[in-house]
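Colleague: Chains as they are written, first to last, in the working numbering: chain A, 1 to 201; chain B, 1 to 102; chain C, 1 to 127.
These are computed hints drawn from the structure, not numbers from a lab. Computed from a predicted structure; not experimentally measured. Glycine is no exception: its CB is placed at the ideal position from the N, C-alpha and C atoms. Careful, some of the hints might be misleading.
[What the hints assert, rightly or not] Stretches of chain B that chain C covers, calculated by requiring three or more beta carbons in the stretch to come under 8 angstroms of a beta carbon on chain C:
hint : segment
1    : 61-72
2    : 76-90
[What the hints assert, rightly or not] Covered by chain A, according to a simulated footprint, are these stretches of chain B (three or more residues, beta-carbon under 8 angstroms):
hint : segment
3    : 20-29
4    : 33-42
[As the list claims (entries may be wrong)] Beyond 10 angstroms from chain C on every Cβ pair, some chain A residues (computed):
hint : residue
5    : 8
6    : 25
7    : 63
8    : 91
9    : 105
10   : 107
11   : 111
12   : 171
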Amino acid sequence: MGETIAFLVFAGIALGAAVAVVAMRNLVHAALMLVIHLLAVAGLYLGLESQFLAVIQVLVYAGAIVVLFLFVIMLLGVDRDDLLVAQGRRAVAGAVAVGLVLAGALTFAFVGPYTGEASVCGSDVAPTGTEQSCAGIAPVLDADDDAGVAFLGRRLFTRYTLAFELSAVLLTVATIGAVVLARRRDLSPEDEDLPTGEVTA
Amino acid sequence: MTAIPIGAHLILAALIFTVGLVGVLIRRNLIVLFMCVELMLNAVNLTLVAASRIWGAADGQVFTFFIIVVAAAEVVVGLAILVNLFFRRGTVDVDVPSLLRS
Amino acid sequence: MTLGGQYGTVAVMVVFGAVLYAIIMLLNRLMRPSVPSPLKLSTYECGVDAVGSGWSQMNIRYYVFAFLFVIFDVEAIFLFPWAVIFGDLTSSTTPSALYALVAMFLFIATLLEGLAYAWRKGVLRWE
Numbered sequence: 001m002g003e004t005i006a007f008l009v010f011a012g013i014a015l016g017a018a019v020a021v022v023a024m025r026n027l028v029h030a031a032l033m034l035v036i037h038l039l040a041v042a043g044l045y046l047g048l049e050s051q052f053l054a055v056i057q058v059l060v061y062a063g064a065i066v067v068l069f070l071f072v073i074m075l076l077g078v079d080r081d082d083l084l085v086a087q088g089r090r091a092v093a094g095a096v097a098v099g100l101v102l103a104g105a106l107t108f109a110f111v112g113p114y115t116g117e118a119s120v121c122g123s124d125v126a127p128t129g130t131e132q133s134c135a136g137i138a139p140v141l142d143a144d145d146d147a148g149v150a151f152l153g154r155r156l157f158t159r160y161t162l163a164f165e166l167s168a169v170l171l172t173v174a175t176i177g178a179v180v181l182a183r184r185r186d187l188s189p190e191d192e193d194l195p196t197g198e199v200t201a
Numbered sequence: 001m002t003a004i005p006i007g008a009h010l011i012l013a014a015l016i017f018t019v020g021l022v023g024v025l026i027r028r029n030l031i032v033l034f035m036c037v038e039l040m041l042n043a044v045n046l047t048l049v050a051a052s053r054i055w056g057a058a059d060g061q062v063f064t065f066f067i068i069v070v071a072a073a074e075v076v077v078g079l080a081i082l083v084n085l086f087f088r089r090g091t092v093d094v095d096v097p098s099l100l101r102s
Numbered sequence: 001m002t003l004g005g006q007y008g009t010v011a012v013m014v015v016f017g018a019v020l021y022a023i024i025m026l027l028n029r030l031m032r033p034s035v036p037s038p039l040k041l042s043t044y045e046c047g048v049d050a051v052g053s054g055w056s057q058m059n060i061r062y063y064v065f066a067f068l069f070v071i072f073d074v075e076a077i078f079l080f081p082w083a084v085i086f087g088d089l090t091s092s093t094t095p096s097a098l099y100a101l102v103a104m105f106l107f108i109a110t111l112l113e114g115l116a117y118a119w120r121k122g123v124l125r126w127e
């Protein structure tokens with residue numbers, strides 16, 4: 001009951017905010033809608049027994065990535081977006097048609113195997129036919145690991161160590177790339193307070 | 001009210017992904033395109049977390065972890081390129097003919 | 001009903017906060033006099049009128065600090081699971097304590113490379 005209400009509320013907010021991100025004319029408003037969407041998805045993670053991921057979602061997405069978006073909006077000074085939609089109505093209609101087909105196909109695939117009584121997590125209804133039961137994460141967690149942090153950490157340092165180290169390389173490459181792109185002097189707008197004296201090492 | 005089956009999360013993720021895709025197709029502002037890509041990545045994350053719950057395995061959550069990392073790297077570099085592009089062309093409209101083409 | 005039990009308190013608090021806010025604002029609206037005038041909408045009721053818009057372009061060098069924050073924020077989220085499991089690791093567990101230690105320090109060293117590059121190129125300098 002509580003879980004159902006929480007899901008419906010968060011799902012409604014997440015979907016509504018996602019539509020608003022696409023539909024908002026003001027860039028800052030779109031970015032704020034993105035924050036709402038990301039927070040609602042974090043709420044959905046709580047319902048999916050993934051508390052640690054919910055925290056990370058708030059920390060990284062809502063806390064850092066959206067800040068970067070707002071930063072760039074400030075940097076470019078384009079608060080009003082007059083470029084709302086693509087070439088014309090036909091392009092928009094085509095895009096929406098593609099979207100409807102995709103959503104319909106995905107929903108068609110999920111309804112049935114994943115929406116029966118057996119797919120409610122923790123239920124003991126036996127799955128019939130193509131139905132998929134839901135195991136839930138709780139049985140595989142450590143007794144003292146409520147948030148699933150240790151559960152994740154053990155995988156990170158056994159099966160996925162290579163991916164872990166490669167993500168460090170990826171982040172380093174991103175840092176270096178962004179430094180190269182951001183240190184061009186001709187990009188800085190005239191700023192009286194900060195002389196653009198720059199060390200060329 | 002009965003409990004919701006796990007498929008509800010999957011359908012919701014599909015809908016969010018679709019909204020992001022339609023956004024990428026119809027919007028012309030690069031910043032909004034990036035936001036729509038974030039929406040799509042988020043939908044995929046939601047699917048993976050739901051799948052992780054279906055099969056009671058950590059792997060889906062680890063994938064989500066790495067997707068968040070990749071998304072952060074993507075946004076850092078992408079927005080830096082976008083800023084460069086804006087100062088060169090004076091617009092963030094994706095439909096303006098590309099500099100790369102000339 | 002794990003969610004109801006664990007987060008029921010939070011939900012009650014959120015609802016209570018929202019209701020309290022609504023009541024206070026409603027009371028405020030009912031009790032205050034309403035005398036609108038254009039002067040009240042200006043930025044400063046007394047003092048110099050504001051010039052230009054509130055919009056000012058920022059310098060790109062702020063962007064460097066913003067993205068470095070994002071990168072090291074992402075690094076921090078990897079430290080949490082590591083720190084949680086590290087206490088229980090010994091030389092006979094999988095992963096072994098030494099393995100986890102080396103893996104994490106390799107990770108941090110790789111990221112510091114990017115920071116060192118930014119430092120060498122002088123983008124962190126604030127003259």
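Colleague: State for each hint whether it applies.
Modeller: Structure-based check of each hint:
With 4 residues carrying a beta carbon less than 8 angstroms from a beta carbon of chain C, the segment 61-72 of chain B meets the three-residue requirement, and the given coverage holds. Interface restraint, the segment 76-90 of chain B with chain C: holds (4 residues with C-beta to C-beta distance below 8 angstroms; minimum three). For the segment 20-29 of chain B, the assignment as covered by chain A holds, since 9 residues bring a beta-carbon within under 8 angstroms of that chain's beta-carbons and 3 suffice. Check on the segment 33-42 of chain B: 6 of its residues sit with their Cβ under 8 angstroms from a Cβ of chain A, so the three-residue criterion for coverage holds.
Residue-level check passed: residue 8/A sits 13 angstroms from the nearest beta carbon of chain C, beyond 10 angstroms. The claim that residue 25/A is not at the interface with chain C holds, since no C-beta of that chain comes within 10 angstroms of its own (minimum 16 angstroms). Not every C-beta of chain C lies more than 10 angstroms from that of residue 63/A, the closest at about 7 angstroms, which undercuts listing it as non-interface. Every beta carbon of chain C lies more than 10 angstroms from that of residue 91/A, the smallest distance being close to 31 angstroms; the non-interface claim holds.
With 10 angstroms as the threshold on Cβ separation, the claim that residue 105/A sits away from chain C holds: the shortest Cβ distance comes to roughly 31 angstroms. The Cβ of residue 107/A lies farther than 10 angstroms from every Cβ of chain C, with a closest approach of about 25 angstroms, so its non-interface assignment holds. Residue placement check: residue 111/A keeps its beta carbon more than 10 angstroms from all beta carbons of chain C (closest about 24 angstroms). The Cβ of residue 171/A sits about 5 angstroms from the closest Cβ of chain C, inside the 10 angstroms cut-off, so the non-interface label is violated.
Of the numbered hints stated above, those contradicted by the structure are hints 7 and 12, listed in ascending order.
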